[in-house]
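Engineer: Here are the chains, one letter per residue:
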Amino acid sequence: MALLTMSGSPHVHDNDSVEKIMWGVVIALVPALFVSIWYFGFPALKITLVAVASCVAIEYLIQKFLLKQEPTIKDGSAALTGLLLAFNVPSNLPVWEMIVGSFVSIAVAKMAFGGLGKNVFNPALVGRVFLLISFPVDMTSWPVPQPLMQGGFFADAITGPTSLGILKEGLGTGQTVNELVMKMPDLMRDFLGNQGGSLGEVSAFALIIGGIYLLMKKIITWHIPVTYMLTVFLFTGLMWLINPDIYINPVFHILAGGLLLGAIYMATDMVSSPMSPNGMMLYGVGCGVLTVLIRLWGAYPEGVSFAILIMNAFTPLINRGFKPKRFGELKNQKG
Amino acid sequence: MLKTFKSGGVHPPENKISADAAIQSLPVPKRVYIMVTQHLGAPSVALVKKGDDVKTGQLIAKSAGFISANVHSPVTGKVFKVDDFIDQSGYRKPAIIIDAEEDTWVDGVDNSDEIIRDITLTKEQIIQRISDMGVVGLGGATFPTHVKMMIPDGKKAEFLIINGVECEPYLTSDHRLMVEKPEEILIGTTILMKALGVSKAMVGIENNKPDAIEKLSHIAKSFKGITVHPLKVKYPQGGEKQLIKALTGREVPSGKLPIETGCVVDNVGTAFAVYEAVQKNKPLIERVVTVTGMAAAKPSNFMVRIGAPVSELIEKAGGIPENLGKVVGGGPMMGKALMSLEAPIVKGSSGILLMPVEESRRVVIKPCIRCARCVSVCPMGLEPYLLAQVAKNEMWERAESERVMDCIECGSCHYTCPSGRPLLDYIRLGKNKVGQIIRSRGKK
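Line by line, the protein sequences are chains A and B. With the first letter of the first sequence counted as 1, position 284 gets the number 284 in the working numbering; the numbers rise by one all the way through. With the first letter of the second sequence counted as 1, position 423 gets the number 758 in the working numbering; the numbers rise by one all the way through.
Since the hints were derived computationally from the structure, they do not count as laboratory data. Predicted model, so just to flag it, every value in this text is computed and none were measured. No residue lacks a Cβ here, since even glycine has one placed at the ideal position from N, Cα and C. Warning: the hint list may mix true and false statements.
Only pairs whose alpha carbons sit at most 25 Å apart, straight line, appear in this in silico BS3-like list of lysine-lysine [to be verified]:
#, chain 1, residue 1, chain 2, residue 2
1, A, 20, B, 569
2, B, 529, B, 559
3, A, 118, B, 701
4, A, 323, B, 341
5, B, 365, B, 766
6, B, 591, A, 64
7, B, 766, A, 323
8, A, 217, B, 701
9, A, 218, B, 766
10, B, 701, A, 218
11, B, 591, B, 490
12, A, 217, B, 341
13, A, 325, B, 529
14, B, 567, A, 325
15, B, 550, A, 325
16, A, 68, B, 491
17, B, 529, A, 323
18, B, 727, A, 323
19, B, 567, A, 217
20, B, 338, B, 556
21, B, 341, A, 325
22, B, 569, B, 550
23, B, 701, A, 74
24, A, 218, B, 569
25, B, 397, B, 416
26, B, 727, A, 118
27, B, 535, B, 338
28, A, 325, B, 727
29, A, 323, B, 591
30, A, 218, B, 567
31, B, 338, A, 218
32, B, 550, A, 323
Here are some chain B residues the structure puts well away from chain A; computed CB gaps all over 12 Å [as the list claims (entries may be wrong)]:
#, residue
33, 377
34, 386
35, 390
36, 482
37, 533
38, 534
39, 672
40, 676
Model the full assembly from the supplied sequences, consistent with the hints where possible.
Structural biologist: Dropping the structure here:
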């Protein structure tokens, strides 16, 4: 008989893995990718492939030649970062800028902190904000959607502003919300994805489908997305009730811009978000408040990326202060 | 809606492959190895020496201290020697080794199958008898049962809870006992109620054992104050604190005993042993042990004498399989990997799990991705990732303030970790160290 294996309990394990989680999120993003290709054509596919390939390649090169360790690109985390980064840029971004953004995401935001699990900030968002600050024009020239069959797969895109951009600029010149809404796609188009915007953020419908998949697969929990969206809804709703001439309705705020992409896929990034249910809810509320503050009173039309990155920085403190409910810790008893 | 405990928990594949195998009595082994101490508490003291003749049921090691228990000879024969012998945790500890001859019981033991229903002993006599007969908790913790019956001053027992949950995957010893000895278990329950002075007892059984639920519910109708409660299947529901929560909604305060909630919990196996001790004057010298696992040729449930080597049970369950990779004493979630198959069965042995090579290896450890699953499955509301990290970094004070001592070692965290991190290994280390620190503080 062979030697017996010795190890501590438990002796059975759930057959889940890091790979399954990462590829699960990738699968959840596929519907949104299809919608993007439908409306933005070949450039959307091209920029996505460039981002995924560069993120994976950069991680491989750093691990192999710089850190001299076994590359772990098969775990899917680099590919996911690439996909999310692509989802956060306009589909007509120059390829070289996409590669620079991927480099910042993987090399600076992830590997410099120690690799998977060690990064403080969401790597894809760090890459996006780097690009936004470095190439502000390219990062805000949004292609106008042209459904696949009408525009032609390889047609050069015409660019136009996003709804949030129209709003911010218009309000700055003294126009009312009602006048500006006329210049925007209606909410149904926002819902389906027929609007200008970053590659992956345009279709609320596809993003929600993917979100339901993630909840069913138990890859994410409801705490962060629901508190995030609810906070945005209530906060913007309150402002809208106070003065509908300068504050647009809350449904618009939910469907426009990157809120759904951010709330479902970016803020829920396991590595950079809190661990306890209470902590997650506080984090979600924080993301929501910051997003609205930036959208309504900040310099940028959109605040999702900044809001999440700022809350990422608070995650260690939230983990310290918000513990799960301990079993046997009764109200009238000190622990 | 079926009852269950609220926070945390996992649902590993149940794999109760021996559920339909009736309990078989194993022949008395040729040589038995009786660990002198088989309970939680002060070590017992051996009463016999090399060359002594002993009879089945004779006291051979005596309780020494308040929380301690007697041990009786499971066979008739001659003491071969009193020496250290490897136990299921892999350590060498004092053992009485006896060469068995023909089985002759000590006088006064009723060894028949006749069910004795009338309870004639008084409360005090019952507790004394349970103590004399060496009954300890058979769910695995092996806490001396008579000590549990003595309620501390100022506390009051309200409920007796009988634990028929058997939430560990694979194990079926309690299940078979409930199906085959339901009336004995309920008489034992009534005896325990009398000893505690309570009028209500609840039997909790997970609803993956419908035959046991049906049998016990039916018979319980003719017993006063005993109710049977089906529970939703969720691990670790058989944990004392989780079971109390599931049945009464009450939470045992951190660092306190179940009696704080007015509950006393005993396993169904213990209730059966109490029946035998009190009604039949029979010491605890045998128990039901499941031999199972994906590598077991014939998954079985055996009534086996304490002290039988594990190898003998494996032999009777179809022998040592070719692809055997790991042998676990107990269930797959909380059992211990055995170092030697010569280690003997003790009072706390509920099962022997034979795992094939391909199931035995641990997965490759990956970095923590902070997915928080360990936090969400922890039934004690702890943060396993954090406890493991602070233990690894030897931050004992932090480990204590993060309540490492509340951990019940159920293993749900390591079970669920997608990165395959051995969280419980580190947490155990932390508990060990922090426990030492707390004890040394008490001495000052």
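Engineer: Could you tell me which of the hints above the structure violates, numbers in ascending order?
Structural biologist: 5, 6, 9, 13, 15, 16, 17, 32, 39 and 40
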